[in-house]
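Novice: Each chain is listed here by its residues.
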Amino acid sequence: MEGTASEAQTVGPASASGAAARVSSEVLLSVENISLAFGGVKAISDVSFDIRKGEIRAIIGPNGAGKTSMLNVINGFYHPQQGVITYKGETRKQMRPHRAAKQGIARTFQNVALFRGMTTLDNIMTGRLLKMRSNILLQALYWGPNQREEIEHREFCERIIDFLEIQSIRKTQVGRLPYGLQKRVELARALAMEPELLLLDEPMAGMNVEEKEDMCRFVLDVNDEFGTTIALIEHDMGVVMDISDRVVVLDHGAKLADGTPDEIRNNQEVIDAYLGVAH
Amino acid sequence: MFYREAGQFKTSYRTDQAIFPILQDKIGLVAVLIFAAVIVPAIASEYILTTILVPFLVFSLAAIGLNILTGYCGQLSLGTGGFMACGAFFAFKLTTAFPDVNIIIVFLLAGLGTALVGVFFGIPSLRIKGFYLAVATLAAQFFLLWVFNKFDWWHNYSPSGVIAAPPRAVFGDFYITGTEAAPWAKYIFLLAFVAALALLAKNLVRSRIGRTWMAIRDMDIAAEIIGIRPMFAKLSAFAVSSFFIGISGALWAFIYTGSVEALAFEITRSFQVLFMIILGGLGSILGSFLGAAFIVLLPIVLNIGLQSIDSSISVALISHVEFMIFGALIIFFLIVEPHGLARLWQIGKEKLRLWPFPY
Amino acid sequence: MPQRRIAIWILAVPLVIAGLGLIFQGLAGAYPALYFTWGFFFEAMIGGLLQGVMYSLVALGFVLIFKASGIFNFAQGSLVLFAALTMVGFIEFGLHWILAAAITVAIMIAVAIAIERVVLRPMVNQAPIILFMATIGIFYFLDGFGQLIWGSDIKILNIGIPTDPQFFLEGVFEGGILINSFDMVAAAVGAVLVAVLAVFFHKTRIGRALRAVADDHQAALSVGIPLKTIWAIVWSVAGIVALVAGIMWGGKLGVQFSLALIAFKALPVLILGGFTSIPGAIVGGLIIGAGEQVAEVFLGPIIGGAIQDWFAYMLAMVFLLFRPQGLFGEKIIERV
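Protein chains in written order, with my numbering: chain Y, 1 to 279; chain C, 1 to 359; chain L, 1 to 336.
Careful: at least some of the hints might be erroneous.
[Claimed, not checked] Here are the simulated lysine-lysine pairs, DSS-like style, with alpha carbons at most 30 Å apart: (1) Y/K171 <-> C/K349; (2) Y/K102 <-> Y/K131; (3) Y/K171 <-> Y/K131; (4) Y/K102 <-> C/K26; (5) C/K129 <-> L/K228; (6) L/K67 <-> C/K150; (7) C/K150 <-> Y/K171; (8) C/K202 <-> C/K349; (9) C/K202 <-> C/K26; (10) Y/K53 <-> Y/K88; (11) C/K202 <-> Y/K102; (12) Y/K93 <-> C/K150; (13) C/K26 <-> Y/K171; (14) L/K67 <-> L/K203; (15) C/K10 <-> C/K202; (16) C/K26 <-> C/K129; (17) L/K252 <-> C/K129; (18) C/K150 <-> Y/K131.
[Unchecked claim] Per the computed footprint, the stretches of chain C lying under chain L, defined by three or more beta-carbons under 8 Å from a beta-carbon of chain L, are: (19) 119 to 132; (20) 192 to 201.
[What the hints assert, rightly or not] Simulated restraints on C-beta separations: (21) C/D16 <-> Y/G175: 29 to 35 Å; (22) C/P99 <-> Y/E152: 45 to 51 Å; (23) C/I27 <-> Y/E152: 41 to 47 Å; (24) C/V315 <-> L/K203: 22 to 28 Å.
Worth flagging that the hints you see were computed from the coordinates, not collected in a lab. Heads up, the beta-carbon is just placed ideally off N, CA and C, and yes, glycines get one too.
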């Protein structure tokens with residue numbers, strides 16, 4: 001990935017003027033002094049960081065560092081024993097998943113949490129659930145306002161399908177798709193929610209180089225075109241250095257470092273704990 | 001050769017999202033409906049109408065109801081019998097208290113009442129899943145039947161304990177319940193009524209709420225991240241499902257057997273309907289019909305078959321063999337095609353599209 | 001369980017019993033239909049407890065299979081019926097009951113192997129709900145098959161267990177407390193069975209393998225545990241447990257179709273005790289049995305009678321709401 005890394009630097013968001021326009025200084029989400037434990041096991045110890053509106057924030061660290069747990073806290077699946085989460089100005093001790101969804105937080109999972117019994121299109125349509133208004137009687141009668149709404153949302157989903165280039169599999173049951181495509185469908189579903197904050201948990205895991213480049217392109221486009229703030233857990237350092245504006249490093253549940261990709265790359269502690277040295 | 005879609009282009013989402021997008025399917029459906037509505041009543045004997053077609057339609061409705069809950073929403077329920085009893089007894093009390101209200105309204109109201117009961121017994125589903133939920137629904141089954149058996153109020157204090165469904169007409173002299181009702185009248189009414197309700201069900205499952213149910217079934221934890229509230233989704237599944245099942249219970253008592261008794265809705269009934277949706281296909285409206293047809297026809301076929309082998313065979317023996325074959329079939333289907341007859345039907349159609357070519 | 005917990009339980013039980021007795025005593029004052037004396041109360045309670053042991057015998061079969069394969073075996077009830085029918089059948093041929101029991105054990109093992117090969121093996125990767133429904137299929141099949149072979153009349157299963165009622169503590173309570181000898185024997189049998197199973201699971205190599213399989217099929221396979229053999233063993237043991245349950249229940253009620261429906265009563269027991277716990281099956285059985293009996297005798301006359309149809313289920317359901325995993329079951333943690 002070395003060659004592509006240096007190449008991509010010139011087109012990535014690291015270019016100063018581009019970043020300034022895209023990333024505001026306003027903080028969209030901040031977590032303060034979060035501590036999370038399961039029984040005796042401490043998953044997160046006193047971690048604080050923030051995410052600015054419009055930026056791409058990477059969360060990196062070795063396995064077991066608490067990265068996914070952190071996303072689960074932001075999302076509302078886990079409730080921290082200590083600390084607060086401030087999102088769009090509102091401070092809370094914990095989030096709830098469907099409230100997070102309502103307020104514009106969408107996410108993908110390491111293990112692809114798609115609805116396997118449904119087709120790609122239906123899965124993406126489920127992302128529009130919160131935007132749909134018709135009540136149960138209208139739905140039972142289908143034709144009329146309900147159908148109009150269905151078609152309207154279908155159009156929106158088709159635009160996402162075009163954007164992510166998954167037209168050919170729109171009627172396929174997702175359980176049958178290869179892993180890489182499933183990840184793309186999951187991203188599509190998250191996008192269908194028109195999120196302000198998009199949480200991606202290892203979106204490129206298990207992909208080959210081409211697929212990763214495609215996924216990078218999609219993530220950058222989402223951030224660029226829609227202004228979506230993105231928090232992303234990723235192990236591929238090339239990707240992280242390429243596309244993120246700022247990086248937070250976790251290790252054994254604690255925050256190790258926080259800064260721009262360059263700062264992180266040269267941080268000795270991070271090198272010792274995670275990055276390693278080139279031989 | 002006949003079943004090709006070549007040349008059938010969908011130019012709008014509206015046509016793409018139709019229930020039967022392929023033209024041949026549409027024609028097929030219309031043909032079947034015409035056959036069912038016009039030709040069958042003319043040629044079918046009274047026996048076929050009353051012992052096969054009427055129960056088939058009633059069971060189909062019950063199967064649709066259970067399929068919504070178990071097949072689409074993934075909540076296993078063994079309380080179908082109890083909910084059918086609710087529908088039957090609610091309808092009975094309503095129509096005896098208000099004999100002038102049209103019987104269709106009575107059926108619908110009985111369904112709504114059952115929906116409320118369903119929501120109540122669905123509350124445990126918010127905390128428990130899988131077989132545990134099946135146990136909670138068993139509680140509903142036993143408790144409801146006890147209520148209807150124990151308290152004479154439900155039987156209008158009838159001294160004999162056997163209550164006949166009072167004769168009611170849909171309009172004018174068109175009686176569908178009671179002794180004056182002709183078998184063909186019952187059949188036509190059921191055909192129209194069940195078809196309409198099936199359409200409502202199909203619309204629901206392909207709309208937003210249907211997707212919500214399927215999301216809960218497939219991964220209810222992940223469903224929350226899109227903003228689905230599991231409580232609302234599960235309870236709505238219980239409500240809608242119980243609505244259909246309740247109406248089917250009322251139809252059973254009023255139109256099929258003519259008598260309203262709790263005995264008809266025991267635990268064996270719950271299993272019967274569950275088998276229908278397993279064999280027919282979980283998560284398929286068509287499957288509900290196929291499964292109901294299968295379960296209604298099987299004992300009859302078996303009976304005739306065994307009788308023809310040995311005409312002196314005892315009833316008990318037939319029932320034992322029936323049990324065995326039931327059991328074996330369930331296992332066979334679950335191994336070979338867990339998605340039931342509906343999936344076999346789909347595979348058949350796909351093969352038909354290629355016919356006469358092998359692939 | 002930690003010592004303090006056990007101590008709390010031991011103290012709580014007599015308090016709860018005493019409390020219930022006082023409540024019913026009060027109710028009896030208000031409702032003339034209700035008859036209450038302390039002797040009668042204890043009699044109902046003990047009768048219920050013994051009945052509960054009988055439930056536990058059936059529940060144990062469920063726990064075994066669920067523990068080892070994660071399958072909720074709906075067919076357990078029909079295994080009980082089939083075992084009882086087979087045993088009675090051989091007794092009617094003139095065999096001594098011990099010999100009949102031995103042959104039945106062999107047959108149950110054969111049934112277990114057949115089930116594993118025909119039903120379980122082809123369905124290895126299916127969702128639990130599909131497997132559950134397959135066991136319903138087995139239930140129907142065994143039911144029909146058993147009655148096809150042995151006939152469906154009620155049969156008497158008499159192996160010499162005394163059935164006369166005994167009176168205890170005649171000095172303390174008027175008339176004494178009536179306890180049926182049969183029930184006492186059943187309780188003893190139950191206790192022995194539980195002890196044997198506990199030893200089997202925790203002390204033997206096979207028991208350890210069973211626990212490994214219960215935890216994670218794939219992991220067990222990867223350390224070389226022969227899954228198919230294990231399952232055949234588990235179902236065989238469940239079959240033997242079913243035979244014991246069948247002997248006890250069949251001796252009490254006669255061997256007939258309704259025996260299979262006893263399985264339905266075992267479900268609330270499992271809920272209370274936890275699906276994966278052997279001691280849970282016993283404790284759950286005791287609570288359900290006692291609760292049901294006491295409710296029927298003392299609440300029944302007030303509400304309308306025949307409460308035992310649904311009381312156990314309601315109790316289980318209430319329990320489920322507060323503690324879905326049961327008293328002793330493993331807490332279900334779902335990870336995303």
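Novice: Taking the numbered hints from earlier one at a time, note which ones the structure violates and give those numbers from smallest to largest.
Specialist: 4, 6, 7, 12, 16, 17, 18, 20, 21, 23, 24
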